[in-house]
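Novice: Spelled out, the chains give:
There are 2 protein chains.
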Amino acid sequence: MDEFARIDQLLKPLTEGAPEALDLLDDAALLPAGGGEVYVVTKDALVEGRHVLAGTPPEILARKALRTNLSDLAAMGSDPAFYLLALALGPEQDDAWLARFARALAEDQKQFGIRLIGGDSVSTTGPVTVSVTAIGRCPKGMALRRGGARAGDQVWVSGTLGDGVLGLEGARGDLADCDMGAVAALVERHNRPEPRLALGRGLRGLAGACMDLSDGIGGDAAKLCRASGVGMELEVARFPLSRAGQAVLARRPDLEAMAWAGGDDYELLFTAAPDLAGEVRALGRRVGLAVTEIGRVVAGETAIFRTPGGGTVALAGWTHA
Amino acid sequence: MDEFARIDQLLKPLTEGAPEALDLLDDAALLPAGGGEVYVVTKDALVEGRHVLAGTPPEILARKALRTNLSDLAAMGSDPAFYLLALALGPEQDDAWLARFARALAEDQKQFGIRLIGGDSVSTTGPVTVSVTAIGRCPKGMALRRGGARAGDQVWVSGTLGDGVLGLEGARGDLADCDMGAVAALVERHNRPEPRLALGRGLRGLAGACMDLSDGIGGDAAKLCRASGVGMELEVARFPLSRAGQAVLARRPDLEAMAWAGGDDYELLFTAAPDLAGEVRALGRRVGLAVTEIGRVVAGETAIFRTPGGGTVALAGWTHA
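So the sequence lines, in the order shown, correspond to chains R and V.
Using this note's numbering, read the first sequence as starting at 1 and increasing by one per residue.
Using this note's numbering, read the second sequence as starting at 1 and increasing by one per residue.
To be clear, the hints were calculated from the coordinates, so they are not data collected in a lab.
From the three backbone atoms N, C-alpha and C, an ideal C-beta is built for every residue, glycine too.
Careful, some of the hints might be misleading.
As the list claims (entries may be wrong) - Pair ranges (Cβ atoms, derived):
#1 GLY181(V) - MET142(R): 51 to 61 Å
#2 GLU92(V) - GLY90(R): 14 to 24 Å
#3 LEU24(V) - GLU107(R): 34 to 44 Å
#4 TRP97(V) - THR125(R): 36 to 46 Å
#5 GLY17(V) - MET180(R): 36 to 46 Å
#6 THR307(V) - ALA106(R): 40 to 50 Å
What the hints assert, rightly or not - Chain R stretches covered by chain V per the calculated footprint, using a threshold of three residues with CB under 8 Å from any CB of chain V:
#7 10-19
#8 37-49
#9 88-100
#10 116-127
#11 219-232
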């Protein structure tokens, strides 16, 4: 079974239809919080050697573990509040290692307004494994969902695409023939994702559907389509690239498909009615983040990617191994 | 640094004094839930080869991961509601493995009234690692805490002690000279802890302080003392033993210290004013669980364990490696 079938057939029955679980289709669960709010609750795991290279410094692990969860909170349009942390550490992760890990978390906490409230620390014979449970708040009924896309909506994406997976290539030393500054920028992007919290918050009441791009637009767009019961036609030529991404792809055009099918961008993919385009652009300016219209929601079942020549290309989804 | 110092010096500062974190001293965090309730939130991790033996069947892993978290909910006097699940699985954990894991969860969910609302599944090169985040509910102001013990209170424990760690010895094949039926009962106890939810619920408004015994009474009693700013005098001769535990310790008296200092019992350790002893006993009868008075809360800083001869014995706390 693929990841989707495993979730759908083996794990979704365990929700027993609890409305809080949103059928496991969204980036997070929603719990009533009182005071006209809901809690937005998400839980991700990060394994050294899979999501980041083996031997990654504790600061990068800490930031990445926290920020990928913050990205889920952003995707639901919520404000970060609390997190819990479960650490499985080996004998090499001594007090000095944990002190560096904690210091990086302390810095990110201040930046994003989130505080630790619990967790667990255990030892492992395997790679460092970090699980974060992040809890956000959102006004009741305002959380962004994957299921709200309607035919005729425009499809938007924030920031730039492809940087995350190209950064991983760079960190692996596989971009030796490219501009060193560009590679360094991409590696930094891979190591330090930027959760799009201000954008997510601003999209409340504006976006039809929203999700964060953790596994690459190739597979993630299909997930949004599935949750909404729609199709999408996306124009590959409109996909926004960073200057560093452009520089690397100019030199290594063989990596273009990977840039779209690969993950770790943590940008927001969202839909909005065409008459709201001006508001979406104004929001992008207000939060200082590019927003790019990349296609349309159509009747259908999945995302179709159109190339400049008028053909279509399949962009297989990439899953975190 | 020991586990306590790591939490106190490196992780507690990350709470930034958030009242929800309870200074990381309790079994779970408390979040306002509206409707006169709080959410009780706990997160534990379980690593194959550390908390359970390598090659443990998926059913046992599933139950143990869920039930140890349910035990934290019981310790706070809360009712289970929801959980999130993060799985790090290797290539050997195929669809059939995951289906068995999910089936065991489905059974336990029905028994304990808890439903899955989210999570993550990733692959690992290391041992199977399962993190559960469990969320319970409790009337506001009624959650049991570790900090409520007062000098003069009686100290109580539920069920029987030592079975968990003796069961682990049995599973390892280290009790070959003991009665096979007794060993089987202890192994089952290790594999399938019983969260004391009905007792925890009944202790609301009755217990001064409460915690669950995951790391052995030796170290755990000291944690309760620390959170309450008190000492305890506990009578080792009163520690309740199961028939299986008695049979094994009669044959292997060398294991007695390990039985008290070892973990995995998931019984509740709690305190109550002496004039409530009748109510505590009545509660035990009502929920069908032995409750045993094992000593007194005194002025002091930690737990002292008195032996029948009138001496004291040090029972070092055991931490999940």
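Novice: Hints the structure violates: just list their numbers, smallest first.
Specialist: Of the numbered hints, 3, 4 and 11 do not hold.
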